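Trainee: Chains as they are written, first to last, in the numbering used here: chain B, 1 to 362; chain X, 1001 to 1298.
Don't read these hints as lab results, they were simulated from the structure.
Just so it is clear, the structure is predicted and the values come from calculations on it, not from any experiment.
Yeah, the Cβ is synthetic: ideal placement off N, Cα and C, and Gly gets one too.
Possibly wrong hints are sitting among the right ones.
[What the hints assert, rightly or not] Cβ pair distances, simulated, as ranges:
id : chain 1 : residue 1 : chain 2 : residue 2 : range
1  : B       : ASP51     : X       : LEU1069   : 20 to 30 angstroms
2  : B       : VAL217    : X       : LEU1028   : 33 to 43 angstroms
3  : B       : ASN250    : X       : LEU1052   : 16 to 26 angstroms
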Amino acid sequence: MRRTACLSAFSAVLLSCGILTGCGSSGGSGAGASVELLNVSYDPTRELYQDFNTAFAKYWKEKSGQEVTVRQSHGGSGKQARGVIDGLEADVVTLALAYDIDAIAEKSKLVAPDWRVRLPHNSAPYTSTIVFLVRKGNPKKLHDWTDLVQPGIEVITPNPKTSGGARWNYLAVWGWMLKKELGDLSKLKDPAQADAVKQAQDKAREFVAALYHNVPVLDSGARASTTTFTQRGIGDVLLAWENEAFLCLNEPGGELIEMVVPSATILAEPPVALVDGVVDRRGTRAVAQAYLEYLYSPEGQRIAAKHYYRPVEPDKADPKDAARFPAVNLFTIDEAFTGWSEAQKTHFSDGGVFDQIYKPGK
Amino acid sequence: MSGASRMSLSPATTPGAARDPLWLRVLLIAVTLLFLGLFLLLPLVSVFYEALRGGVRLYLASLVDSDALTAVRLTLLTAVIAVPCNLVFGLAAAWALAKFEFRGKAVLITLIDLPFAVSPVVSGLVFVLLFGAGGWFGPWLTAHHLHIIFAVPGIVLATMFVTFPFVARELIPLMQEQGSEEEQAALVLGAGGWSTFWRVTLPNIKWALLYGVILCNARAMGEFGAVSVVSGHIRGRTNTMPLHVEILYNEYNFQAAFAVASLLALLALVTLAAKELVEWRARVDMRSAAGTAAGEEK
Chain B
1 MRRTACLSAF
11 SAVLLSCGIL
21 TGCGSSGGSG
31 AGASVELLNV
41 SYDPTRELYQ
51 DFNTAFAKYW
61 KEKSGQEVTV
71 RQSHGGSGKQ
81 ARGVIDGLEA
91 DVVTLALAYD
101 IDAIAEKSKL
111 VAPDWRVRLP
121 HNSAPYTSTI
131 VFLVRKGNPK
141 KLHDWTDLVQ
151 PGIEVITPNP
161 KTSGGARWNY
171 LAVWGWMLKK
181 ELGDLSKLKD
191 PAQADAVKQA
201 QDKAREFVAA
211 LYHNVPVLDS
221 GARASTTTFT
231 QRGIGDVLLA
241 WENEAFLCLN
251 EPGGELIEMV
261 VPSATILAEP
271 PVALVDGVVD
281 RRGTRAVAQA
291 YLEYLYSPEG
301 QRIAAKHYYR
311 PVEPDKADPK
321 DAARFPAVNL
331 FTIDEAFTGW
341 SEAQKTHFSD
351 GGVFDQIYKP
361 GK
Chain X
1001 MSGASRMSLS
1011 PATTPGAARD
1021 PLWLRVLLIA
1031 VTLLFLGLFL
1041 LLPLVSVFYE
1051 ALRGGVRLYL
1061 ASLVDSDALT
1071 AVRLTLLTAV
1081 IAVPCNLVFG
1091 LAAAWALAKF
1101 EFRGKAVLIT
1111 LIDLPFAVSP
1121 VVSGLVFVLL
1131 FGAGGWFGPW
1141 LTAHHLHIIF
1151 AVPGIVLATM
1161 FVTFPFVARE
1171 LIPLMQEQGS
1181 EEEQAALVLG
1191 AGGWSTFWRV
1201 TLPNIKWALL
1211 YGVILCNARA
1221 MGEFGAVSVV
1231 SGHIRGRTNT
1241 MPLHVEILYN
1251 EYNFQAAFAV
1261 ASLLALLALV
1271 TLAAKELVEW
1281 RARVDMRSAA
1291 GTAAGEEK
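Taking the hints into account, I'd like the entire structure generated from these sequences.
Mentor: Written as structure tokens, this is what we have:
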């Protein structure tokens, strides 16, 4: 009898899994009258893509007669890339930084290695930057990066290991110090300046260590950090995406905070890519490609600017929206760190600089 | 762990409590009430307050939102599969462990407790390592277009794993206590295997079984950690209710987040009510059984 019960339990499990697998695998196939895409994205793009997906569905319906539903998955950029590598069936990825898409290309071969040149502007249809959010009236007088390392200042930033925004934050500080010390970032590539560069790098390392010393909690994603700062009221300053900062100012509680733009910060280029392995399997290449290209269209650029992403083709955006972006002194990751793979290897890999300087709970 | 053992404690403690001075009793009761109010009642009230703050119409609108409905449906589906499976398994395991002697029994009992001991996040990761694209069965699953991780089966599997011990844990002590004499008597009197089970074993354990099922169900619907790891968080597809609450909260949609949370809170209240009912019925049953036994002795 015991055997019968065990057996029936086991077969029930198998049966139910079988039925569900059937349900799970349907819903793909680009040939029919309706199609579903999955856009795996990073944290602060929720509102942007909600808006954009509606616009795209309308455009695609007019163009091809096909109904398209775009599903969204959001989370820390690194975590999302990990998900795609582990089998999350994304047709397109729209992540916070190029390295995460490189990781997908390298580890799972689902994305072609040359993905960055397949779309205009390094495959980044919009850019952003890193700014400060402080409490109303700026009570701690935080105006530039140097102010953040003072003793007793609490800085909120997510974990660079899991969050793309956090990596931009980290590189913004580091790059700012290099720029301050060297004056001109082109000296980094000049062998004659090796000593000065070494000195500047040491200073930057010391400064970043001091800054992370002031971080009381590392959340896993940008949105979690924002909630920590705005909803839970922890910390004196939040290092945030510019778009996220604008969004906070417009949310309930936004009247209690204000935005501060530091003297120099990094140009963040969140890239997008087609996941070749998935679109070919599901037969969704045409619609997924059109989806990404539509980001560069006047409508796509207008929606990006509306949601506080800096459009790469500003003339397509609503001038009123474009005027909201403050003038910022920006440097790129290629100038300060010779690209993402270099920055990732030196700073964020296991045992890299971040691991060496960040000691939790101190 | 079982309801029966807890019930037998209460009559023994009552006479001692009556002897304590009045001020001590009042103090203890006040502290308990304060604690309950602060840590249980207040959060519960705040969930409903936040959910209804924008008015009943907004509350209902956020519940009939298509993503919210999908989340509710997925949560129910998960529970409908996971709970019966664990019911059958728990019954089988408790039966095997309580009524038979065999080697490795202690190991088996420990194994059943494993999901309680392991962090839910680890339970989720285990399934990613097994069924993920780079996992043991990943390449085979991909080749056959089967989806487990980041799809409904993964969520069901993770939930089953986490809620695995509830029924078995509830039944094992009770069945061990009861022994197998009654079943042996039934067999000697000529009853078959199934009729022994339906007429002797099941009536003896029905309340504990129901209690286990209620707890199992509550956890299955409320599980966050393990499910979060295997879900992929696809809105309107692989979001269960707890995950949907988190998403809404992260989108600054607090009112809707609390509306869905209030459904989970309601579920908790229903669970508690059902649990009370079951315990009360079990007590009534026991008392009447004791009554008839005493009557027969006279």
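Trainee: Evaluate each hint against the coordinates.
Mentor: Okay, the hints, checked on the actual structure:
1. B:ASP51 x X:LEU1069: 20 to 30 angstroms: With Cβ atoms ~22 angstroms apart, the hint holds.
2. B:VAL217 x X:LEU1028: 33 to 43 angstroms: For LEU1028 (chain X) against VAL217 (chain B), whose Cβ atoms are near 37 angstroms apart, the range 33 to 43 angstroms holds.
3. B:ASN250 x X:LEU1052: 16 to 26 angstroms: holds, 25 angstroms
When held up to the earlier numbered hints, the structure conflicts with none and fits them all.
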